[in-house]
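If you're matching them up, the sequences are chains B and G in order. Start counting the first sequence at 1; every next residue gets the next number (the working numbering). Start counting the second sequence at 1; every next residue gets the next number (the working numbering).
Watch out, some of these pointers could steer you wrong.
Said to hold, decoys possible - DSS-like, lysine-lysine: derived pairs with alpha carbons at most 30 Å apart:
hint : chain 1 : residue 1 : chain 2 : residue 2
1    : G       : Lys162    : B       : Lys402
2    : G       : Lys69     : B       : Lys397
3    : G       : Lys77     : G       : Lys162
Hint data in this document are derived by calculation from the structure and do not stem from the laboratory.
Protein chains: 2
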Amino acid sequence: MGRRSLLLLLLAFLTPGAATPVPPALRALSSLHLSTSFRSRPAVDMKYSIHYIQQKVDHFGFHTDKTFKQRYLIADKHWKEDGGSILFYTGNEGDIIWFCNNTGFMWDVAEELKAMLVFAEHRYYGESLPFGANSFKDSRHLNFLTTEQALADFAKLIKYLKRTIPGARNQPVIALGGSYGGMLAAWFRMKYPHLVVGALASSAPIWQFENMVPCGVFMKIVTTDFRKSGPNCSESIRRSWDAISRLTEKGTGLHWLSEALHLCTPLTESQDVQRLKDWISETWVNLAMVDYPYESNFLQPLPAWPIKVVCQYLKNPNVSDTWLLQNIFQALNVYYNYSGQARCLNISETATSSLGALGWSYQTCTEMVMPFCSNGIDDMFEPHSWNFKEFSDDCFKQWGVKPRPSWIPTMYGGKNISSHTNIIFSNGEIDPWSGGGVTKDITDTLLAIVIPEGAHHLDLRANNAFDPVTVLLARSLEVRHMKQWIKDFYASLRKMH
Amino acid sequence: MGRRSLLLLLLAFLTPGAATPVPPALRALSSLHLSTSFRSRPAVDMKYSIHYIQQKVDHFGFHTDKTFKQRYLIADKHWKEDGGSILFYTGNEGDIIWFCNNTGFMWDVAEELKAMLVFAEHRYYGESLPFGANSFKDSRHLNFLTTEQALADFAKLIKYLKRTIPGARNQPVIALGGSYGGMLAAWFRMKYPHLVVGALASSAPIWQFENMVPCGVFMKIVTTDFRKSGPNCSESIRRSWDAISRLTEKGTGLHWLSEALHLCTPLTESQDVQRLKDWISETWVNLAMVDYPYESNFLQPLPAWPIKVVCQYLKNPNVSDTWLLQNIFQALNVYYNYSGQARCLNISETATSSLGALGWSYQTCTEMVMPFCSNGIDDMFEPHSWNFKEFSDDCFKQWGVKPRPSWIPTMYGGKNISSHTNIIFSNGEIDPWSGGGVTKDITDTLLAIVIPEGAHHLDLRANNAFDPVTVLLARSLEVRHMKQWIKDFYASLRKMH
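Same shape as in the complex, but just chain B (with noise of 0.2 Å):
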């Protein structure tokens, strides 16, 4: 139950915008985040135009010829018809104007690499949804929901620009993404080596399957990066779960635990505890994957490195059950009210449900199964075990599905993926979600980049003055390497006429 909550949390929120259902505490935060980030469209010029396609619902079955409108965002200021470069972007799981808004690296690079930017939606986000508002109504208008059935929509997509707009055939096209937008980049490039002549795939844990990397490499990652912040910090966290449940145990526990962490709805049942405790554990992971170097406004608008800032609070784990939870508020309000215009913070709220959290909720439920566990010793987290069964009947109960734990591993080839070419895997060390990814090279063409000060896909968000001086060095690889595959590209080109 509340074990299954924690899981679906990390699932949930590979990219932020994509918040799972349960609890739903967090659809208020990710439909927040949704308007914040719109918001924070940087002052750089990003002008783009939006253009519709008709996809097919299915790619891989001819029962139903039915179509539906992708979108997708064309920036084309920097091309140049004469050896330019296309950048295609492989849309996560949002909207994805958020997301062409926040990688900014793309832009950035647009002009050295003559090359459009163009950003595809993937199915059953945004504004592209194959059934409208009743693709998520059940498991048969969620069907069409896969990664082949979105690489697919790409390959059109690429195919018909690559048909319509003049000068676009013969160039190269790379692909770029981050997060699960990552592992489809990479994926793309893995199937459909033709389309694309390369691809970078940012913080993409393209291993966080079944039997690939320990299930509990997320959390401890997340703990090393509050131990490193501040000292005691981890130690802190991992003391108040218990002093929750102590404090909890008391009759006036629930109350006054409402007051010291300023909820908005005071909590009233003891189920109530284990959501408070889910909440908290997804504040702490959000943070680490949002610890960037400089002020930022991607989850939530937050100071430079967050999680120094929350453990100045978070110093002296020796102290009263009372004292250690009233620290805990002091951090918790580093990431809900930077701004300090929060009155209260919110667990509860059940806002309009994000459609970009139905979809991944049910992703998470058939190919994208991610498991996630702790253990209380090598992280700050209560103990959960990955319960497959659990996590398998509650699948079951919310949509109708069974999820397959071994078909993406089939599929895309697991950790045996040496025979494939330019694909460079880049990673931030204290992001979460390195643990499942690619952070050794695997062949001189299978490249992995690792940027120690790194927080989630940072090489993709825009040059900023605060950069450490590894996520430099780290674009400038990517960018060498993109120039070298549409070099390749031309002279491949050249040498066929």
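Let chain B serve as the given structure and place chain G on it in line with the hints.
Chain G alone, transformed into the frame defined by chain B:
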């Protein structure tokens, strides 16, 4: 009408035993082929065991979790755990036992490669029917008959074999196939390079699709075979069409022709004329496919170099229409009555329809859209243009589906496949399917082998004393490459440990 049926014939006979239901005559042929083929099991020790694996009906959707039994054969007499290999036949559109018995090459090389032989049946063929007797009922039941689903079956089967057969886990698997099965072998290596170290794709016309080769190339090769096999041979056939038309314009023509050709059922209506022409055309096409250098029994019991024998009756095109048609009968009789047992020739028998036939007809109406045409100038056939609209309408009428001619090139790369590795494309130069095949090396690991005297996948057939030296060379080259793939596999395995 007639136009379409000719084209469909070609489509249908990619491999024998899989005729399209239009025109009915072919079903008879098709079932005949199957039964004679079963009798033709070679004398060499080709013992296999029969197995079944539960496969998901839909690998690419989660709405249904239904499974079906896929059949596969295993022969492990020469398999060695130590340093061995697995040769995996990617079954095509027919009963897997028939393919097993007609792929002597694998049996001949098993000992040398210490190989386990696996023959996997293609879904919707033989016994591997996802919905049993209802599998071909309508487009809803046929929805899962695609190359992608078939490749996914193969992938799951390989993972299953490696998991369950002791000693198989760390062995290299090589995909082999002929004709459509050869396409599947090549595509399997392209899409699942983590599961097979290489592929031998024999007579695999992976380019016989939209905009890749001229639609007339197939009939041109058939014609060349006849032109080179005897003086005036192709010219006699070219003139026969008008002779038939002239003869059947007269009142008694149909009757006379029925007698002259010893047809079991006399021609009665004018539309029978087109059916007759289609049936004769198909005979010449089949002869071109099975123009083997020795007596064989693949589609029919036939003499060595059957086209040469046929052409002995077609030396003189400058004869009267009746004389010409009597000669045509003698020629047809070589194909249909080499055994001397036939009492008449049958163009319209509507025997029990072969499931394989139905399946292949559906496949050509969905993914496997191969344009064919003839012009009567570069070939000896009546002019037939490729009319996609008409083809598509007929498909919709027959199956309720619309063909997607650009899908296979989008999915499998069309001519742009140079980033893949370890595929041998072998082609017989006299095989009409070589026109859509890869006949030139693409890179130093994407190799083409052309066998000048080779008909349809001659190299996959068992060794024969009358094999021309070119096919012996081809086979030895194929074995050399397979050995290298196996060696490379074990070398990289050692490096990992």
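Right, here's what the structure says about each hint:
Of the pairs offered as hints, the one joining Lys162/G and Lys402/B holds, with about 24 Å between alpha carbons and a cut-off of 30 Å not exceeded. Proposed proximity of Lys69/G and Lys397/B is supported: the alpha carbons are some 27 Å apart, at most 30 Å. For the hint linking Lys77/G to Lys162/G, the alpha-carbon distance of about 18 Å falls within 30 Å, and the restraint holds.
Checked against the numbered hints given earlier, this structure breaks none of them.
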